[in-house]
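Number of protein chains: 6
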Amino acid sequence: MYKIVPILSGQQVDEVKAIAAGATFVDGRITNPHNTAKQNEQLHDATAYQQSAQLLQTALVGNEEFRNFVFPSLIAPPLVTRYTPGMRYGAHTDVAYLQLPGGTIRSDLSCTIFLNDPAEYDGGALHVQLGDAHVRFKLNPGEAIVYPSDTLHEVEEVTKGERLVAITFIQSRVADPFRRNLLYNLNEVAALEGLKMAPENFTMMQLIQNQLLRHWGEKP
Amino acid sequence: MYKIVPILSGQQVDEVKAIAAGATFVDGRITNPHNTAKQNEQLHDATAYQQSAQLLQTALVGNEEFRNFVFPSLIAPPLVTRYTPGMRYGAHTDVAYLQLPGGTIRSDLSCTIFLNDPAEYDGGALHVQLGDAHVRFKLNPGEAIVYPSDTLHEVEEVTKGERLVAITFIQSRVADPFRRNLLYNLNEVAALEGLKMAPENFTMMQLIQNQLLRHWGEKP
Amino acid sequence: MYKIVPILSGQQVDEVKAIAAGATFVDGRITNPHNTAKQNEQLHDATAYQQSAQLLQTALVGNEEFRNFVFPSLIAPPLVTRYTPGMRYGAHTDVAYLQLPGGTIRSDLSCTIFLNDPAEYDGGALHVQLGDAHVRFKLNPGEAIVYPSDTLHEVEEVTKGERLVAITFIQSRVADPFRRNLLYNLNEVAALEGLKMAPENFTMMQLIQNQLLRHWGEKP
Amino acid sequence: MYKIVPILSGQQVDEVKAIAAGATFVDGRITNPHNTAKQNEQLHDATAYQQSAQLLQTALVGNEEFRNFVFPSLIAPPLVTRYTPGMRYGAHTDVAYLQLPGGTIRSDLSCTIFLNDPAEYDGGALHVQLGDAHVRFKLNPGEAIVYPSDTLHEVEEVTKGERLVAITFIQSRVADPFRRNLLYNLNEVAALEGLKMAPENFTMMQLIQNQLLRHWGEKP
Amino acid sequence: MYKIVPILSGQQVDEVKAIAAGATFVDGRITNPHNTAKQNEQLHDATAYQQSAQLLQTALVGNEEFRNFVFPSLIAPPLVTRYTPGMRYGAHTDVAYLQLPGGTIRSDLSCTIFLNDPAEYDGGALHVQLGDAHVRFKLNPGEAIVYPSDTLHEVEEVTKGERLVAITFIQSRVADPFRRNLLYNLNEVAALEGLKMAPENFTMMQLIQNQLLRHWGEKP
Amino acid sequence: MYKIVPILSGQQVDEVKAIAAGATFVDGRITNPHNTAKQNEQLHDATAYQQSAQLLQTALVGNEEFRNFVFPSLIAPPLVTRYTPGMRYGAHTDVAYLQLPGGTIRSDLSCTIFLNDPAEYDGGALHVQLGDAHVRFKLNPGEAIVYPSDTLHEVEEVTKGERLVAITFIQSRVADPFRRNLLYNLNEVAALEGLKMAPENFTMMQLIQNQLLRHWGEKP
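Residue numbers (my numbering), protein chains in the order written: chain H, 52 to 271; chain A, 52 to 271; chain U, 52 to 271; chain B, 52 to 271; chain L, 52 to 271; chain X, 52 to 271.
Rather than coming from a laboratory, the hints here were simulated on the basis of the structure. Since this is a predicted model, take the numbers as computed values, not measurements. No false leads were mixed into what you were given.
Since the list gives no way to pick one copy over another, a pair counts as held whenever it fits inside one copy or between any two copies.
Straight-line alpha carbon distances no greater than 20 Å define the calculated SDA-like cross-link-like pairs of lysine to any residue that follow:
1) K211 <-> L190
2) K189 <-> A176
3) K68 <-> Q105
4) K247 <-> N86
5) K211 <-> N167
6) K247 <-> A142
7) K247 <-> Q257
8) K247 <-> N236
9) K247 <-> H143
10) K189 <-> Q63
11) K247 <-> A88
12) K189 <-> R139
13) K247 <-> H85
14) K68 <-> A99
15) K247 <-> T87
16) K189 <-> D173
17) K68 <-> K211
Kindly generate the complete structure, drawing on both the sequences and the hints.
This is the structure we're talking about:
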């Protein structure tokens with residue numbers, strides 16, 4: 052399941068862009084030296100990285116829609132990434148466990164936060180393959196797409212302009228996508244219909260939600 | 052979870068009692084020779100057995116509340132059983148797989164259909180132990196108690212009068228009790244609240260119910 | 052995961068269309084009376100149904116690509132369905148267990164076989180929702196789309212011409228979609244690369260495939 | 052499964068009561084503002100809370116019967132709670148994950164430690180619903196009832212006197228109740244019968260216990 | 052886990068050998084044409100096959116030790132196979148699902164029944180690889196080795212004399228080897244120690260065995 | 052599955068032996084007082100223990116073959132142990148959870164690092180029972196055998212000379228042995244054959260490996 056969440060306000064987008072504008076970028080292969088499919092640039096200055104990561108992480112954690120969909124347990128510091136003409140990230144799969152300075156994280160969900168206007172560049176769609184189905188995302192500034200890390204996906208070649216995004220990886224309390232999505236959908240129904248329900252039926256809904264969350268959720 | 056379901060009408064109770072009245076009973080150990088805890092009598096005539104089993108099985112299968120709670124896949128032919136003073140069935144556990152003439156059945160749920168008035172006998176409660184909690188059932192004629200086969204239970208000694216019941220064992224499409232009960236409860240909420248819901252939310256509820264049933268249900 | 056499989060030759064398409072042309076159709080709600088979202092027509096004559104179902108079922112079972120993707124255990128008789136202008140099948144979910152004349156089937160996968168040219172009608176796409184992602188299929192005659200039964204999907208309104216398809220439901224030996232797709236992908240890699248491998252590595256691949264199939268597959 | 056464990060000595064009961072007697076209590080909704088079913092009072096002073104919680108937590112951890120039944124991984128600081136006439140806690144379900152000052156805890160088991168004599172108040176039973184079965188607990192001072200957090204339960208209205216208890220929530224190393232209870236029962240049999248067994252059979256029992264514990268237990 | 056079970060009496064061994072002596076054998080690749088690792092001969096006459104298969108199948112089903120270890124649900128008709136000098140069956144893995152005339156069988160366990168004296172041939176050991184551990188079996192006439200189908204195994208080259216065995220494949224009610232072995236071991240302890248136990252502890256043992264069997268066993 | 056891994060260089064073996072030579076040993080029952088099967092001696096000096104444990108732990112963590120096979124999450128400090136004539140460790144099973152100074156560890160795998168030449172002592176093989184199969188290991192200095200903690204195993208009596216080993220216990224990210232071994236085997240095939248594969252097939256292999264690792268791996 053794929054979820055688009057507005058994460059950043061216009062002002063926050065501008066802040067991240069300002070940080071990026073004043074920072075140096077390096078070849079993205081610095082963190083994946085053997086990955087020839089990866090052709091992009093990522094923000095490199097320690098300070099700029101820390102500032103942007105903190106702003107983005109705070110925005111994610113503070114977003115209820117994001118939390119409800121993701122059941123976040125750990126969020127990797129988001130990394131600002133850019134693609135200029137000719138750059139692309141060929142079809143690949145995100146690794147299951149990432150070594151970060153703060154420890155290891157299991158990447159259940161991947162998240163791309165778009166930072167500039169899709170009209171500013173040609174190409175550059177996030178393209179997910181589901182067998183013979185193809186889904187493409189090219190979102191507005193401040194919007195994030197959250198998608199399972201275990202699908203084959205690529206960033207299509209940018210042919211004009213610049214694509215600026217931040218990417219991150221999330222370990223969820225509910226690791227299995229089927230279960231996580233079901234819990235999200237059940238919670239949506241309960242949130243939208245709960246106040247109309249007879250109290251004992253709403254209590255039963257909460258019982259069921261808690262039973263499933265306990266049954267499927269990892270230890271904290 | 053324990054469910055009381057009215058299964059038989061007064062007339063059907065009378066029919067089963069009439070069949071039993073004209074039939075011979077034998078020591079219950081005939082089907083469990085090594086089980087010294089079992090001290091009761093069970094209906095033995097082939098014809099009476101067939102007639103009563105068919106009536107009872109039809110009543111169970113035709114009962115929507117029973118079906119919703121049990122998700123029946125196979126139901127053993129119910130057997131009329133009686134306890135006269137001094138008889139009891141000590142704490143025991145029902146076997147997981149039963150060899151029946153028609154094949155093997157996995158006993159997920161046990162069911163006792165009470166046939167005579169609790170005022171007609173002293174003792175004879177179905178007593179289920181849940182660690183230090185104790186639950187007792189002594190129901191009205193025609194009512195059935197459906198309970199998990201994998202709990203320690205006993206029939207307490209009858210000290211006066213006669214206790215007449217029919218017992219059966221059910222293989223459920225949803226073998227796990229936690230999952231079966233959750234599906235039952237979710238269906239109850241949907242049945243009671245569904246018509247009040249916005250159509251797209253009700254459709255989502257049905258999606259969730261079908262997802263869980265498919266995820267947890269055995270092959271037909 | 053979504054898979055497009057060419058199932059019928061041009062001649063077979065013509066045969067099914069000829070059967071349909073000579074048959075009567077009835078309101079699709081005949082098999083789902085309470086489903087107001089369903090607005091289509093389905094083939095009704097017993098003989099035409101039997102002939103078309105047999106032709107289509109034989110084509111599915113005989114298709115290796117279909118078998119490799121689906122791990123079929125049971126296939127419901129495909130039913131020819133048509134949509135004329137104004138008809139649609141609103142967003143819905145396929146039930147988990149279907150009662151068929153030959154017994155019960157668990158619907159793990161749904162399959163739509165397209166029978167006429169997409170140029171012959173406007174609208175009528177099969178539209179699957181994956182949260183905020185949307186996938187649409189409108190295939191060539193003889194092509195089938197196989198998709199998980201447990202997603203929210205709809206047939207968009209036909210606004211011009213006629214849409215003729217056959218639909219069916221499949222119980223898979225590997226009920227879980229994640230596991231089924233992984234086995235399919237692993238088999239594809241083994242099929243494409245196996246002959247190049249060192250014999251002991253290919254034997255190991257087969258061991259792994261058999262281990263997973265045994266671990267995840269239902270009893271036959 | 053429900054387990055009654057004597058946790059506190061008479062002296063320890065008196066100590067907790069003395070702490071409670073000198074402390075202020077506040078409306079229990081302070082920690083669940085939207086829960087209208089909750090009508091009770093809970094101990095509020097930081098020092099009194101810390102003292103009582105430490106005493107109670109130490110008593111729980113030091114109790115072998117409790118440990119054997121619960122496989123405790125985390126225990127929330129127990130909170131002294133009181134009900135005066137008219138107070139009750141309507142049927143509710145305990146949430147799956149609790150945010151505590153020290154971190155998040157998954158509540159697998161709930162525990163009520165009774166602090167005053169049941170003769171001192173009318174009503175106030177802990178009432179657990181298991182479908183159509185009902186279980187009530189009103190224990191002696193110092194006794195605790197441990198029960199699954201995921202059942203519908205209530206504290207019945209106190210109609211006379213005062214009910215004083217401490218409540219806590221436990222994250223178990225074996226999250227699933229079926230598995231936890233089975234391990235407890237198997238360990239009880241091994242403890243009671245092990246010394247009589249042939250050494251190789253007792254070793255096999257230990258092998259089985261360790262296999263199940265490893266198979267079902269969470270990472271530490 | 053590997054189990055040696057005496058299946059055939061000396062007389063039964065002689066009967067099977069007599070059937071084999073009067074029958075024709077064909078290249079074993081007749082049933083696995085693409086398997087170059089398979090270099091053996093298998094009994095081919097329809098009558099001889101039926102006679103030997105029935106004798107062997109009856110012996111297996113009638114053997115309590117075999118049943119306790121295997122939890123048999125389906126047993127493929129055993130096939131008499133022979134290896135003369137130079138023949139071997141290189142390291143391979145048994146397929147998960149076998150197509151047999153009577154339907155499909157999932158091969159959980161493989162079984163080799165040795166028919167002639169190990170002194171009559173050199174080589175020909177059944178060799179199972181468990182990573183860097185190696186286990187070899189060369190049993191007495193009438194003895195069977197039962198082993199998991201999902202390990203890499205081979206029949207080492209026969210360098211002198213003739214190796215005569217019967218092989219078969221078994222679908223178990225408890226598909227998972229870890230679970231099946233645990234149930235077997237628990238049953239062995241209960242059988243050896245049960246009569247010495249206090250009745251309530253023995254009842255608890257039976258409860259646990261039935262709970263596990265129900266929890267892990269497939270539908271009949 | 053059993054894996055032999057060369058862990059220590061000759062020089063490292065000498066270092067550990069030097070540490071052991073200068074240290075005192077105590078009766079091994081000091082850490083298992085009730086275990087009468089345990090008849091060995093273990094290194095006791097705090098400094099010697101720390102030095103040897105650190106050297107051995109570093110060697111294990113730094114060994115890629117070990118990491119690939121074990122998916123280590125926690126490794127207990129290895130303990131140098133010796134057996135002189137008459138000493139043995141009877142058939143036993145390793146406990147599921149070990150209390151260590153640094154916290155609790157779940158023992159999924161056990162590991163014995165051999166420190167002196169097998170020619171220096173008679174007896175002393177590590178003997179693992181797999182039902183009726185028996186595997187024995189008596190390795191060269193510096194070699195380690197890694198084996199599942201949940202099998203019945205023993206150290207056979209040393210009848211001459213001295214057996215010097217280090218033992219440790221490992222908590223794996225992939226707790227289940229079936230799954231861990233499958234992931235190891237799949238990675239071996241990918242490592243040996245990956246460079247020969249078409250890029251899209253190798254990407255698919257990585258997708259599958261990451262899917263399985265994510266599906267089966269514990270939270271970090």
